[in-house]
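Asks: Per the working numbering, the sequence shown starts with residue 1, numbered consecutively.
If you are wondering where the hints come from, they were derived from the structure by calculation, not from laboratory data.
Misleading hints may appear alongside valid ones.
Unchecked claim - Mimicking EDC-like on lysine to aspartate or glutamate, the simulated pairs with C-alpha atoms at most 20 Å apart in a straight line are:
| # | residue 1 | residue 2 |
| --- | --- | --- |
| 1 | K289 | E261 |
| 2 | K50 | E217 |
| 3 | K219 | D68 |
| 4 | K219 | E78 |
| 5 | K289 | E229 |
| 6 | K49 | E217 |
The model shown is predicted, which means the values in this text are computed figures rather than measured ones.
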Amino acid sequence: MSDIFEEGFDAVDMDEGIRTVRAAVPGGGKVRLDAFLASVSGESRSRVKKYVEEGHCLVDGKPCASADARLRPGQMAELSLPVPQGSPEAEEGPLEILYSDTDIAVINKPAGLTMHPCPSCPGGTLVNRLIMRFPQLSLQEGPRPGIVHRLDKDTSGLVIAALSERARLRLAEAFAAREVRKTYLAITRGRPAGSGECALPIGRHPTLKTRMSIVPEAKGGRSALTRWETLYALPGGTAALLAVRIFTGRTHQIRVHMAQEGCPLLGDAVYGPRDPACTAKRQMLHAWKLEFQHPADGRAMAFTCPPPEDFMQTMLALEDGMDMLILTGMPGCGKSAALRCLGRKGIPTWSADAAVAAMYRPGSECWSMMRSRWGDSFLE
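Sequences and hints are given; from them, build the entire structure.
Replies: Shown next, in the form of structure tokens:
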């Protein structure tokens with residue numbers, strides 16, 4: 001065993017909480033891949049088989065998803081698998097809860113907050129704050145109680161937390177069956193086609209283990225589908241605001257697919273080009289809308305969450321100002337309907353009618369002035 005490890009290594013990536021085991025097959029004949037990796041890693045063969053088939057294995061630097069592959073002496077096998085961790089503890093911290101009941105909570109996660117503990121971030125995560133607010137989560141086993149889907153650390157927006165075991169199981173099934181509708185807002189460098197999709201499979205980068213890349217399914221990549229619609233594009237096509245839907249939940253999916261389309265997310269230091277002039281301090285990606293069925297009673301649930309200030313400021317800073325569209329017309333011509341349509345697409349709007357109505361609402365200063373001058377009779 002020691003001779004094998006002299007030619008390889010066994011190390012933990014502290015940022016991702018991933019253990020990577022690499023070893024060369026010794027002489028003496030062919031060996032089965034999962035049996036060999038189990039012997040050098042100390043992991044169970046079933047666990048090794050699971051991660052090999054999920055695309056976390058390389059043989060001679062190339063992805064291999066066949067646990068029963070036969071290795072020759074001298075071939076190098078590498079396996080990446082998550083590091084087991086203890087149960088997280090409750091910690092104080094701000095938590096914006098948009099909705100909660102006995103089964104679920106819907107949270108607006110800020111950018112910069114890690115979802116759950118890992119070796120490089122053992123505390124101060126969303127999970128730690130959730131346990132403080134919902135102590136019943138400490139009854140769930142594992143290092144990620146309540147977590148049924150994930151956002152990257154620097155992605156902001158909506159997250160569902162499962163507060164009960166029945167909710168966790170049902171939501172896990174719903175995500176696996178693609179029954180949860182997830183829509184993001186993204187600012188891209190460059191302008192993609194007005195609307196489109198990318199269906200290329202995604203897997204671990206063959207050499208950079210903290211990155212994902214386009215990997216054929218035959219080499220361990222997993223199917224992925226991303227669709228987008230351009231909401232606004234800057235003149236010249238230097239940047240665009242997109243509404244993006246994902247139908248699968250691959251790691252870094254939107255970031256990888258948009259980079260593949262030639263329009264990486266603004267501020268993405270991993271998949272985008274280095275640009276000292278860029279004002280974005282993170283990837284400009286916000287989980288804007290979630291639609292799903294309640295895991296307990298099946299009723300339709302829908303939540304939206306406006307992007308944080310840094311997202312809007314980045315969009316505005318790309319140019320001296322955005323184009324302004326002014327709608328005028330007689331009552332009943334459709335101005336309000338147009339504003340509602342723009343609002344549903346996440347485009348900022350302002351209504352003079354609404355401003356006047358607010359100014360003269362009953363009890364306001366303007367209302368009191370009009371009442372003292374003209375009496376109590378008002379027409380709505």
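Asks: A separate judgement is required for each hint: does it hold in the structure or not?
Replies: Results of checking the hints against the structure:
1. Between K289 and E261 the alpha-carbon distance is near 23 Å, which puts this suggested pair outside the 20 Å criterion.
2. Straight-line distance between C-alpha atoms of K50 and E217 comes to about 16 Å, which keeps the hinted pair within the 20 Å bound.
3. In summary, the hint linking K219 to D68 is supported, as the alpha carbons are separated by about 14 Å, within the 20 Å threshold.
4. Proximity of K219 to E78 is assessed by CA-CA distance (about 14 Å); at most 20 Å being required, the pair is judged to hold.
5. At most 20 Å may separate the alpha-carbon atoms for a hinted pair to count; K289 and E229 meet this at roughly 14 Å.
6. For a cut-off of 20 Å, the pair hint linking K49 to E217 stands: about 17 Å separates their Cα positions.
The structure does not agree with numbered hint 1 stated previously, though it agrees with all others.
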